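The listed protein sequences derive, respectively, from chains R, H and X. According to the working numbering, the first sequence is numbered sequentially starting from 38. According to the working numbering, the second sequence is numbered sequentially starting from 61. According to the working numbering, the third sequence is numbered sequentially starting from 22.
Be aware that one or more of the hints could be misleading.
[Claimed, not checked] Just so you have them, the derived chain R footprint on chain H, three or more residues with Cβ under 8 Å:
(1) 69-79
(2) 84-97
(3) 106-120
(4) 134-142
The hints are simulated quantities; they were obtained by calculation from the structure and are not laboratory data. Just so we're clear, the structure is a prediction, and the values are computed from it rather than from any experiment. Glycine residues also receive a C-beta, built at the ideal position from the N, C-alpha and C atoms.
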Amino acid sequence: MLPQVFFAYFAIVTIALSLIIITRKNPVHSVLWMLVLFFHIAGLYLFLNAEFIAAVQVILYAGAVLVLFLFVIMMLNLKEELSSERFIGEWPIGVALGLSILLFVFFSISKFIAGPSGEFTIERILKETHTKAIGKVLYTEYILPFEVASLILLIAIVGAIVLAKKRT
Amino acid sequence: MVPLEWYIALSTVIFIIGVTGFLIRRNIIIMLICIELMLNAVNLSLIAFSHYLQDLKGQILVIFVITVAAAEAAIGLAILVALYRNKAVVHTDKLTEMKG
Amino acid sequence: MDKYIFIPLLPLIGFCINIWVGKFFKEKAHWVAILAVLGSFIISVMTFVEVVQGKVINYDVYSWVISGNFKVSIGFLIDQLTAIMLIVVTSVSLLVHIYSVGYMHGDTGYYRFFSYLNLFTFSMLMLVTGNNLLQLYFGWEAVGLCSYFLIGYYFRKKSAADAGKKAFIVNRFGDFGFGLGVFMVFITLGTLHYTDIFANLSKLEGQTINILGVDIRLVTLIALLLFCGAVGKSAQIPLHVWLADAMEGPTPVSALIHAATMVTAGVFMVARFNPLYNMSDTAMAVVALTGAITSLFAATIALVQNDIKRIIAYSTVSQLGYMFLACGVGAYAAGIFHLFTHAYFKALLFLGAGSVMHAMAGQLDIQKMGGLRKYMPITFWTFLIASFSIAGIPGLAGFFSKDEILWLAYNGGTIGKIVWVIGTVVAALTAFYSFRIVFLTFFGKFRGTHEEEHHLHESPSSMTIPLLILMVGAISAGWVGIPPLLGGGNWIGHFLEPVLGHPHVHGTHAEEWMVIAISIVVAVGGIFTAAVMYLWAPSIPLFLGRTFKSIYTVLWNKYYVDELYDYTIVRPTKWLASRILVAVTDAKIIEGIVNGVPKLIAEFGERFRKLQTGFLQHYAMGMAFGLFVIVSLVFIFVKI
Chain R
38 MLPQVFFAYF
48 AIVTIALSLI
58 IITRKNPVHS
68 VLWMLVLFFH
78 IAGLYLFLNA
88 EFIAAVQVIL
98 YAGAVLVLFL
108 FVIMMLNLKE
118 ELSSERFIGE
128 WPIGVALGLS
138 ILLFVFFSIS
148 KFIAGPSGEF
158 TIERILKETH
168 TKAIGKVLYT
178 EYILPFEVAS
188 LILLIAIVGA
198 IVLAKKRT
Chain H
61 MVPLEWYIAL
71 STVIFIIGVT
81 GFLIRRNIII
91 MLICIELMLN
101 AVNLSLIAFS
111 HYLQDLKGQI
121 LVIFVITVAA
131 AEAAIGLAIL
141 VALYRNKAVV
151 HTDKLTEMKG
Chain X
22 MDKYIFIPLL
32 PLIGFCINIW
42 VGKFFKEKAH
52 WVAILAVLGS
62 FIISVMTFVE
72 VVQGKVINYD
82 VYSWVISGNF
92 KVSIGFLIDQ
102 LTAIMLIVVT
112 SVSLLVHIYS
122 VGYMHGDTGY
132 YRFFSYLNLF
142 TFSMLMLVTG
152 NNLLQLYFGW
162 EAVGLCSYFL
172 IGYYFRKKSA
182 ADAGKKAFIV
192 NRFGDFGFGL
202 GVFMVFITLG
212 TLHYTDIFAN
222 LSKLEGQTIN
232 ILGVDIRLVT
242 LIALLLFCGA
252 VGKSAQIPLH
262 VWLADAMEGP
272 TPVSALIHAA
282 TMVTAGVFMV
292 ARFNPLYNMS
302 DTAMAVVALT
312 GAITSLFAAT
322 IALVQNDIKR
332 IIAYSTVSQL
342 GYMFLACGVG
352 AYAAGIFHLF
362 THAYFKALLF
372 LGAGSVMHAM
382 AGQLDIQKMG
392 GLRKYMPITF
402 WTFLIASFSI
412 AGIPGLAGFF
422 SKDEILWLAY
432 NGGTIGKIVW
442 VIGTVVAALT
452 AFYSFRIVFL
462 TFFGKFRGTH
472 EEEHHLHESP
482 SSMTIPLLIL
492 MVGAISAGWV
502 GIPPLLGGGN
512 WIGHFLEPVL
522 GHPHVHGTHA
532 EEWMVIAISI
542 VVAVGGIFTA
552 AVMYLWAPSI
562 PLFLGRTFKS
572 IYTVLWNKYY
582 VDELYDYTIV
592 RPTKWLASRI
602 LVAVTDAKII
612 EGIVNGVPKL
622 IAEFGERFRK
632 LQTGFLQHYA
642 MGMAFGLFVI
652 VSLVFIFVKI
């Protein structure tokens, strides 16, 4: 019973936070609510025996990405933003589209069939600790994608600098 | 024990909220935040699958998604800064130069 | 890799070098071409020696496409027939190349000319060496293409460009039939290799095919279809019209086309397929009669023409008719023998005519020449020998081959007797018109302008040396086929026997003496008549021309065949082209489509561009709608 209750709490809060995020007029508020949302999602990850991912989620998203967002928002003119319309004119169409997709996905969920189970049972992960298990897989089987990902980050850094730099 | 379907449903709802937010907001910053929201929804479902199917591939994928999300946020915000510097707007309805 | 492949390959290499970088060789471009053909000639001689010693080469060099029993391959079949052809093609081609050095000197397209000559030689060598029908067909079309290039070599001149087109289009008619013949062979026998075809020919016996309600024997049909191609390529009636116009090309090209590389292809093909033709009496009769009628027809036209090259061209048509006549009565070896000797004296005649033209600064009308004997003695003597040879004076090349044909025709049953009579008449006409050229050109007084007379000179040595070498050929080429009756062994006939067989001869020695005597008498008679009419009594031709004006006009206009084709084929085609195709199909339908489609697109674009709002969210909504469609499709179609 207890897990269901916890899940219900997290589910309700994340949904509510998501709705709040997309409706705030002030972007700063959106970003701050986003922070709360990320913590809740990290909590859900803990539920799912993914401690390492939960940590990454907090450090990377909450610590790095959101700070970046905040910096950028501070550079912009907020006064104008607060006085202008927050939704586009055709917003009912967007909402209708979103709702209809949601509806069909819900109807389709019952058709979901789980595939065959892998070898990393909860007991095994608990025994060899989650970080170690992930590390082993990441640095052996997925070493090439991992290196590619690091290159992507490098390119992103260079790209961001080039784009944001003042033209002289 | 919480069934897998619940997680899928939750992930779907967050994702759709992200989509809807992307579709209806004028402000580009909020739209970028909506993209992060969608990515988080996907991550959630991946972790849930990984847990229930007892396979670590899902979590590896989440690490890559987070990497790409960080890169995307950096680039997206850099573009936004450049855009704001040149046009002084952050609203999509002011940026219709591609109109046919 | 053995040496045989280099026989056709060397001219191809020469062509490739000259066509790409020949421009930089300037006046040295001929070296590449001549060396290539020389190499090919040397290898041909070596191969010929091997074949004489009894070797027959037959193998596939390279298989390009193998699909079921359809096999496209490059292969060589070098037997006695091919060996003779190799010698003819490479030797004449080599001499023509050397001659062209002098003749084409100073021409702007010098390297182009030599590369085309190389390509021409290559094509003909591919044609004769191939061991399958497809390679023959390749060579067949390639010589057609080269003839187009070379006849239209002076492409700035409208008549030359037109002549090139005419040669190509007229050949198309024949090649269409030839192509059908190749298809028929493949459909019925399932193979294109000569050896397999000849081994399976007996399967065709007794098969018939129904065309428009008439049962035709399959062998006859195939033989006649293939003969269609030969008619086009070897300029027989009714497709002879291109050869005379082909004179628009440079003279060495005429020599090459007439003596070695193109028109002989038809005779070669018929001889190569002699087992097929032997099976069908109808086809044989058609071949023999076509040849006989063509030779008579062309010889009569040649009587009255004044253009020196045209007369020789009609003489070629006539002599080719002779070769087909021989094939038609089963005397393939005699036909090939005549092809062999003809190559030398005809090349000599053409190159001699070219030498005359060179001296006359392009003048072609023999009525405006005369007395050239003292100005250009080498040309005169070689030309005279060639004329004696073609007229059939005993001891020279033409005599033996012509006599062999006439004797075998005489033995060839009813049709044989008919074509023998025609052949004898043609022999007389040939002697007459050949010496008409000689007397009008080299004897008497010069009838041109003073300027031209001043310009007269003997040609350079690069032109006279080939003439002298060819003269040796024109004298001695026939000695390989001296009949037993005259003390020879008819070596060439025995040599070719394994491939071409030997016709049945039942005539007596007395009859053979009679045939020989008659042919000598008509030859001498023809020469004598020409001498009377053009040396001693020039008033006779004028008198004859006035008296038989109608006949003269018909002959002068080449029996109006060109006009006939103009009215029946060219004009209706032009009418169709201008009135229907241009006015309706092109202007209305094609242009309607061509202009209509962009107009339609512009119209649609004008409407649909409204969709491009430039508003980011609208595009995003498009994507979301796509997601919606996918999800709903999953919901509807995925069943558990």
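### Task
If any of the earlier hints don't hold here, list their numbers in rising order.
none
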